[in-house]
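Chains as they are written, first to last, in the working numbering: chain D, 788 to 1119; chain A, 14 to 190.
Some hints here could point you the wrong way.
[Said to hold, decoys possible] The calculated label-pair distances, taken between Cβ atoms and stated as ranges, are:
hint	chain 1	residue 1	chain 2	residue 2	range
1	D	800	A	84	23 to 33 Å
2	D	990	A	32	36 to 46 Å
3	D	1026	A	183	21 to 31 Å
4	D	1043	A	115	54 to 64 Å
5	A	60	D	1012	51 to 61 Å
6	A	111	D	971	49 to 59 Å
7	D	1026	A	115	26 to 36 Å
8	D	972	A	47	49 to 59 Å
9	D	999	A	29	55 to 65 Å
10	D	797	A	29	35 to 45 Å
11	D	998	A	36	34 to 44 Å
12	A	151	D	996	36 to 46 Å
Calculated from the structure, these hints are not laboratory results.
Idealized CB from N, CA, C, for every residue including glycine.
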Amino acid sequence: MHPFTLDRPRDLAAALALRAQAGRNDAPAEYIAGGTDMVQLLQEYVRQPERLVSLAGLLDNRIEIGPQGLRLGVAATMAEVAADPAVVEQFPLISEALLNSASPQVRNQATMGGNLLQRTRCPYFRDVGYAACNKRAPGSGCAAIGGENRWHAVLGTSDDCIATNPSDLAVALVALDAAVEIRGAGGSRSLPLVDFHRLPAATPHIETVLEPGEVIAAITVPASSAARRSHYLKVRDRASFEFAVVSAAVALEMDGARIRQARIALGGVGTKPWRVPRVEAALAGASLEPQSLRQAAALAAENAHGRGHNDFKIELMQRAIVRAVEIAGARA
Amino acid sequence: MPGFIPEAAAQAADARPAPLDLVLRVNGTEHRLTLDPRTTLLDALREHLHLTGSKKGCGLGQCGACTVRMDGKGVKSCLSLAALVEGREITTIEGLAQGDQLHPLQAAFIERDAFQCGYCTSGQIMAGVACIAEGHAGSPQEIRDWMSGNLCRCGAYDHIVAAIQDAAGATGPARGG
Chain D
788 MHPFTLDRPR DLAAALALRA QAGRNDAPAE YIAGGTDMVQ LLQEYVRQPE RLVSLAGLLD
848 NRIEIGPQGL RLGVAATMAE VAADPAVVEQ FPLISEALLN SASPQVRNQA TMGGNLLQRT
908 RCPYFRDVGY AACNKRAPGS GCAAIGGENR WHAVLGTSDD CIATNPSDLA VALVALDAAV
968 EIRGAGGSRS LPLVDFHRLP AATPHIETVL EPGEVIAAIT VPASSAARRS HYLKVRDRAS
1028 FEFAVVSAAV ALEMDGARIR QARIALGGVG TKPWRVPRVE AALAGASLEP QSLRQAAALA
1088 AENAHGRGHN DFKIELMQRA IVRAVEIAGA RA
Chain A
14 MPGFIPEAAA QAADARPAPL DLVLRVNGTE HRLTLDPRTT LLDALREHLH LTGSKKGCGL
74 GQCGACTVRM DGKGVKSCLS LAALVEGREI TTIEGLAQGD QLHPLQAAFI ERDAFQCGYC
134 TSGQIMAGVA CIAEGHAGSP QEIRDWMSGN LCRCGAYDHI VAAIQDAAGA TGPARGG
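The whole structure should be built from the sequences, with the hints applied where relevant.
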């Protein structure tokens, strides 16, 4: 690891005053919480901050469910949220996405906030032996375009970056219309999670809307009947402890045998957690017949753009949508 | 472990940052240490407390050889900075036996011959103890899923699963550690 100063502030106000910034390789100071992603990045010299500011013990870790919905304190661990009885009963999509993530040990260490802020698994980003990575070193180019890009995104890409966002949790939360509460020295703000991550465009090194000195304080998920009739389908290269090649989070409101409203987000295919509103609109009022599901799912591919090795994802993500809707629709 | 270290970074690594004073609670004993802030919990255990049962395989959270229990839960000690786990109760493989009395899962590993080279074994046992204690040892499939964070390059998986099944039957979730 590159040398850094480690601050362990006594309270959140002191931590925010240090104006660290998550998820930017050009930020001189960065926050650390569970550490499971940050320590890997430090070990491999992908991140070389001058200063690390610990959030350990400073942020809320409570899991609360009320008539309005779910509120997750951002310091709750993946394991705590996945096993929470009320989450399992009322928001099974979240529990499924978490239990299909990482390993049991990492789930005991990693926090909700860190999960949303984890960096891409693009092998070129994670290996400083490659000079070209616009996310790691702005302006250096992209080794994945024209390189080994089987794992990379087909939606939301740019000529500067085709890296995927690796979080399963974020895909489930985006499907459920979750919001994030952001806290900074100047106060708090809230915004839909779908607007939290940025498209890479010409600035892939800026991954989120967080400003220096801001942290995620909580995640809120509105109550809905659809949250219970849901499924998280994760397609991956091995059955456990692996990132998604493609994933689909589906939550359905049914009207008898027909879909009243579908909420669908995709993982493994977008440069950020990817909601598919046109597919959702086409499914409104549709039956669960394979033909109608297939026609609706095809709309997800409208602006998809493969780079060679990852072309198969464009077909695979449509099939994942169909399968996940069928499974969710069959649930009581 | 990181294989490629850029030259500039390697030089900078010689410029040691200010050390931190901290207290680690390991196997029921408090240890006062003064450490470089970059020290992981795994390196603190091995290099400073000389508890070398926890092993360093990848150093990146992928292999599980460094698994210890923190406040009763299985964690990868290579992914935690030591200075950030002050006040947590750490249990390593050295803290598992009661004197000469092996933990049931240690005994089951010997009985089932659940290792060849042994490098992953202490991590497998610590993860296995957590797997049993948290109630995830109900079937071979469930054990495989909940032990997926621990790799065995010798391929002793079948015997590891059998040992965990044996110990789960002997101890049950409530007494699993």
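Cross-check of the supplied hints:
{"no.": "1", "hint": "D/800 with A/84: 23 to 33 Å", "verdict": "27 Å, holds"}
{"no.": "2", "hint": "D/990 with A/32: 36 to 46 Å", "verdict": "37 Å, holds"}
{"no.": "3", "hint": "D/1026 with A/183: 21 to 31 Å", "verdict": "28 Å, holds"}
{"no.": "4", "hint": "D/1043 with A/115: 54 to 64 Å", "verdict": "60 Å, holds"}
{"no.": "5", "hint": "A/60 with D/1012: 51 to 61 Å", "verdict": "55 Å, holds"}
{"no.": "6", "hint": "A/111 with D/971: 49 to 59 Å", "verdict": "50 Å, holds"}
{"no.": "7", "hint": "D/1026 with A/115: 26 to 36 Å", "verdict": "32 Å, holds"}
{"no.": "8", "hint": "D/972 with A/47: 49 to 59 Å", "verdict": "32 Å, violated"}
{"no.": "9", "hint": "D/999 with A/29: 55 to 65 Å", "verdict": "27 Å, violated"}
{"no.": "10", "hint": "D/797 with A/29: 35 to 45 Å", "verdict": "25 Å, violated"}
{"no.": "11", "hint": "D/998 with A/36: 34 to 44 Å", "verdict": "35 Å, holds"}
{"no.": "12", "hint": "A/151 with D/996: 36 to 46 Å", "verdict": "43 Å, holds"}
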